[in-house]
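Peer 1: Here's the letter readout for the chains.
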Amino acid sequence: MRFHPDSDQTAIQDTVFGAVQDALPRDKLMAFLDADADLEPDSWRALMELGLAGMMLSEEAGGSGLGLFEAALCAEALGRSAAPGPIMGQMLAAYALSQTRNTAAREAFLQNVATGSVVAGLAFGGNGLPESWGVASEAGRATGQVRFVASASSAGVFLVGLKGGGLALVEAGDGVAVEPVRSTDRTRKCASVAFQDAPVQILFEGGDPAVQRVIDAALVLIAADALGGAQHCVDLSVAYAQERQQFGQPIAKFQALKHQLAIMAMNVEPARALLWFAAYAWDRGLPDASRAAAMAKAHICDRFAEVARDAVAAHGGIGYTWEYGLNIWFRRSVFDKSYLGSPALHRSRAAALAGW
Amino acid sequence: MDLSYGPEAEAFRREVRAFLKTAWTPKGVDKAGMKDFVTAFRLKATEAGYLYRSIPKAYGGSEQPADVIRAQVIREEFARARAPMEVAGNGMNMLVPTLLERGSAKQKDLFIRPTMAGDYIWGQGYSEPGTGSDLASVRTRGDLVGDKWIINGQKIWTSQGGQATHMFALVRTEPDAGKHDGISYLLIDLNQPGITRRPIRQMTGESGFYEFFFDNAETPADWIVGNRGEGWNVSRTTLKHERASIGSAAVLGNQFEKLVEVAKEVQRNGRPAIDDPLIRDMLARIEGWVMAHRYSSYRIMSHAIADEAPGSISLMMKLVLTEIGHDIARAAQEIIGEDALLEPESAGSKGRGPEKWLDQIMGSLGNSIAGGTTNIQRNIIAERGLGLPRDFPAEHSK
Numbered sequence: 001m002r003f004h005p006d007s008d009q010t011a012i013q014d015t016v017f018g019a020v021q022d023a024l025p026r027d028k029l030m031a032f033l034d035a036d037a038d039l040e041p042d043s044w045r046a047l048m049e050l051g052l053a054g055m056m057l058s059e060e061a062g063g064s065g066l067g068l069f070e071a072a073l074c075a076e077a078l079g080r081s082a083a084p085g086p087i088m089g090q091m092l093a094a095y096a097l098s099q100t101r102n103t104a105a106r107e108a109f110l111q112n113v114a115t116g117s118v119v120a121g122l123a124f125g126g127n128g129l130p131e132s133w134g135v136a137s138e139a140g141r142a143t144g145q146v147r148f149v150a151s152a153s154s155a156g157v158f159l160v161g162l163k164g165g166g167l168a169l170v171e172a173g174d175g176v177a178v179e180p181v182r183s184t185d186r187t188r189k190c191a192s193v194a195f196q197d198a199p200v201q202i203l204f205e206g207g208d209p210a211v212q213r214v215i216d217a218a219l220v221l222i223a224a225d226a227l228g229g230a231q232h233c234v235d236l237s238v239a240y241a242q243e244r245q246q247f248g249q250p251i252a253k254f255q256a257l258k259h260q261l262a263i264m265a266m267n268v269e270p271a272r273a274l275l276w277f278a279a280y281a282w283d284r285g286l287p288d289a290s291r292a293a294a295m296a297k298a299h300i301c302d303r304f305a306e307v308a309r310d311a312v313a314a315h316g317g318i319g320y321t322w323e324y325g326l327n328i329w330f331r332r333s334v335f336d337k338s339y340l341g342s343p344a345l346h347r348s349r350a351a352a353l354a355g356w
Numbered sequence: 001m002d003l004s005y006g007p008e009a010e011a012f013r014r015e016v017r018a019f020l021k022t023a024w025t026p027k028g029v030d031k032a033g034m035k036d037f038v039t040a041f042r043l044k045a046t047e048a049g050y051l052y053r054s055i056p057k058a059y060g061g062s063e064q065p066a067d068v069i070r071a072q073v074i075r076e077e078f079a080r081a082r083a084p085m086e087v088a089g090n091g092m093n094m095l096v097p098t099l100l101e102r103g104s105a106k107q108k109d110l111f112i113r114p115t116m117a118g119d120y121i122w123g124q125g126y127s128e129p130g131t132g133s134d135l136a137s138v139r140t141r142g143d144l145v146g147d148k149w150i151i152n153g154q155k156i157w158t159s160q161g162g163q164a165t166h167m168f169a170l171v172r173t174e175p176d177a178g179k180h181d182g183i184s185y186l187l188i189d190l191n192q193p194g195i196t197r198r199p200i201r202q203m204t205g206e207s208g209f210y211e212f213f214f215d216n217a218e219t220p221a222d223w224i225v226g227n228r229g230e231g232w233n234v235s236r237t238t239l240k241h242e243r244a245s246i247g248s249a250a251v252l253g254n255q256f257e258k259l260v261e262v263a264k265e266v267q268r269n270g271r272p273a274i275d276d277p278l279i280r281d282m283l284a285r286i287e288g289w290v291m292a293h294r295y296s297s298y299r300i301m302s303h304a305i306a307d308e309a310p311g312s313i314s315l316m317m318k319l320v321l322t323e324i325g326h327d328i329a330r331a332a333q334e335i336i337g338e339d340a341l342l343e344p345e346s347a348g349s350k351g352r353g354p355e356k357w358l359d360q361i362m363g364s365l366g367n368s369i370a371g372g373t374t375n376i377q378r379n380i381i382a383e384r385g386l387g388l389p390r391d392f393p394a395e396h397s398k
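So the sequence lines, in the order shown, correspond to chains P and G.
Quick note on numbering: the first sequence equals residues 1 to 356 in our numbering.
Quick note on numbering: the second sequence equals residues 1 to 398 in our numbering.
These are computed hints drawn from the structure, not numbers from a lab.
Beta carbons: idealized from backbone N, C-alpha and C, even for Gly.
A portion of the hints provided could be inaccurate.
EDC-like mimics (lysine to aspartate or glutamate), calculated; alpha carbons at most 16 angstroms apart, straight line [as the list claims (entries may be wrong)]: (1) K253/P x D391/G; (2) K264/G x D276/G; (3) K163/P x D208/P; (4) K148/G x D222/G; (5) K253/P x E383/G; (6) K148/G x E218/G.
A short, non-exhaustive set of chain P residues, derived as facing chain G with CB atoms under 10 angstroms [as the list claims (entries may be wrong)]: (7) F3; (8) G173; (9) A177; (10) V178; (11) S290; (12) A294; (13) A296.
Calculated Cβ distances over 12 angstroms to all of chain G for the following chain P residues [what the hints assert, rightly or not]: (14) P41; (15) A108; (16) D302; (17) A350.
Next up, chain P with everything else stripped away, as it sits in the complex (with noise of 0.2 angstroms):
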């Protein structure tokens, strides 16, 4: 038995971590949120140059030949050093070409989405689950809209949710219009994306159980950016606790900011185990890892978003400026709550997978 992360796999979370902290200075991150580019070059690059999309691949493929766990803990990384740009759509978009039947389309794209000289688009649509996907397809044209994806006026590609429930794959150009939109979370800047009869490949149809590994493993990841990102929020909180001074002595020593910085803490540390679980179910292939996928999805971001409430409370005045940056995990916060599907959406699964 061993359910805790080995030397190995805290080595390639630490090597991720410090990737984009060495490519991204403060200052660096603080101007790429008022530019209009939706992608930060630098960072990618360090991240591609990890092999960061593959790494969930076979040897064989071309990947690392990791599971879900290792990628979750890359993406906890990246939560808390507010990685820009759609690296899950990249990792995921490598994973569906890595399992699609439609060798065409496989052996067209896989390679260069998983070293990641193209970028990849994660347009699911609707509330992110099947049922509400709504571009259509037909003879191998696609056309609808998906209002929300992140990075798209850089990708040369889109996974794009259809009609139905299929997963397909659409590459930019003729018949793909993005218009990007104001984008409450600025590391992740989204635009809506618009296909008209757009050339299409189909990965997987509706109702193939690919789709939804995809999903589930979306909602990990996701899952693990908000843990990622409320470490930071109490790691920050905790810090400037020791810092600021009144009443002339650090505010750490007062009693009601202990327990409040507590209570962050005790939000976050306990969910660890629980994406740990999500990650390590779906690797396995677990009868409930579908649902250890929602439950971590609406619990883990419901706790990023008190946390990171309550940090900018911790932190009084300075919290609510733009300058000092918390901010940017604010909006994170609201981004990973709210993107494919809100935690009540994912309960409410989560009661219907359990038979209740």
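Mind docking chain G on chain P? Use the hints.
Peer 2: Using the frame of chain P, we list chain G on its own:
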């Protein structure tokens, strides 16, 4: 990552299961013979190495090397067969581990075997009416007169106080020393004229705790564990053991399952309550925490197997469990509706309907007090987990 226990553990499981099949045969044993049957069974299970694993053979234990997975397999298999494990209570959980670490040879000889046999039942004598979270402020006094300690004062919140035959107590024996350095850890026979016990009726209506009054009570001079003035340090050994045994994911899991069951049974707007989206959301919300607690327990166990420190998570488990208990209490009251207006029959009696959840609705409040109050737990997380400054200077406990 691997949640299975591995082939070695599964082989061990088969061994335990085979043992239980032949040794635990309570069918056909009548009520009068059950006590002897259980005693004989515990002896056999100890000889087989399944019970009293941390107790040396010299004191009647099975003296097995510490093995987290084997211990877990034994718990699972005994629970599955509904076979009794070790004698429960403060004696085995707290006193015996303390004696093994700090007791004299004579004390070990005198107390461990009868405690294991269930002949000595121990009450904890820590809290006093004026001494709750600030435990080191105890005022119950012990004076050495000749070869005896003469004890005067009051102890409170002693569980199993009705049956207890003995008490381990924190007593102020060095009034001129500092707060922490003036306390000794004394063992006391409770059946003597200088001691009066009285049940405390608690908010549930039951009396799960007792208070004890000491009026020139006596105990032999050598019934002190550790030296004079070392009682505070000695007691830290036992509190550690209590914390380790409080968080139980399996118990919580069962309780949550029962909450789901009652939501299926009870009607709400003419349908099972569990069909109501509000109730479904409430239950799934709680289950997020239940799962976080369960897998954190596995995480802590995994660290124990690897002989690594689990970090701050272990400081949080008691409070997480307490908070989930409150959430379950709130949800239960919503689910059972007006049945909450019924005072339930006492536990174990027949005909208990949904109103039995009142036990949980009120009992969950006890969890936020016992074993360190919720606010004290938050201090522990903040100070030891997050490294924030202490409210009070560090205790003289090293």
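Peer 1: Each hint: holds or not?
Peer 2: Outcome of the hint check:
1. For the hint pairing K253/P with D391/G, the CA-to-CA distance comes to about 7 angstroms; that is within 16 angstroms, so the pair holds.
2. This hinted pair checks out: K264/G and D276/G have alpha carbons roughly 10 angstroms apart, not beyond 16 angstroms.
3. Among the hinted pairs, K163/P with D208/P is consistent with the structure: their alpha-carbon atoms are about 14 angstroms apart, no more than 16 angstroms.
4. For the proposed pair K148/G and D222/G, the alpha carbon gap of about 8 angstroms is at most 16 angstroms, so the pair holds.
5. Annotation: proposed proximity of K253/P to E383/G holds, straight-line Cα distance about 10 angstroms (limit 16 angstroms).
6. At roughly 6 angstroms between alpha-carbon atoms, K148/G and E218/G fall within 16 angstroms of each other, so this suggested pair holds.
7. A hinted interface residue such as F3/P counts as satisfied when its beta carbon comes closer than 10 angstroms to some beta carbon of chain G; here the least separation is about 4 angstroms, so the hint holds.
8. Hint on G173/P is violated. Least Cβ distance to chain G is approximately 42 angstroms, over the 10 angstroms limit.
9. Proximity of A177/P to chain G is violated relative to the hint, the smallest CB-CB distance being about 38 angstroms (cut-off 10 angstroms).
10. Look at V178/P: its Cβ only gets to about 36 angstroms from chain G, farther than 10 angstroms, so that hint breaks.
11. Restraint check, S290/P versus chain G: the minimum CB separation of about 14 angstroms is more than 10 angstroms; hint violated.
12. Using the Cβ-Cβ criterion of 10 angstroms, the hint placing A294/P at the interface with chain G is satisfied: the shortest such distance is roughly 9 angstroms.
13. Hint status for A296/P: holds, given a least beta-carbon distance of 8 angstroms to chain G, under 10 angstroms.
14. P41/P, annotated as away from the interface, keeps every beta carbon of chain G farther than 12 angstroms; the closest lies near 34 angstroms.
15. Non-interface status of A108/P relative to chain G is upheld: no Cβ of that chain comes within 12 angstroms, the nearest being about 34 angstroms off.
16. For D302/P, the non-interface assignment is contradicted: its Cβ lies about 8 angstroms from the closest Cβ of chain G, within the 12 angstroms cut-off.
17. For A350/P, the condition that its CB be more than 12 angstroms from all CB atoms of chain G is violated, with the nearest at approximately 5 angstroms.
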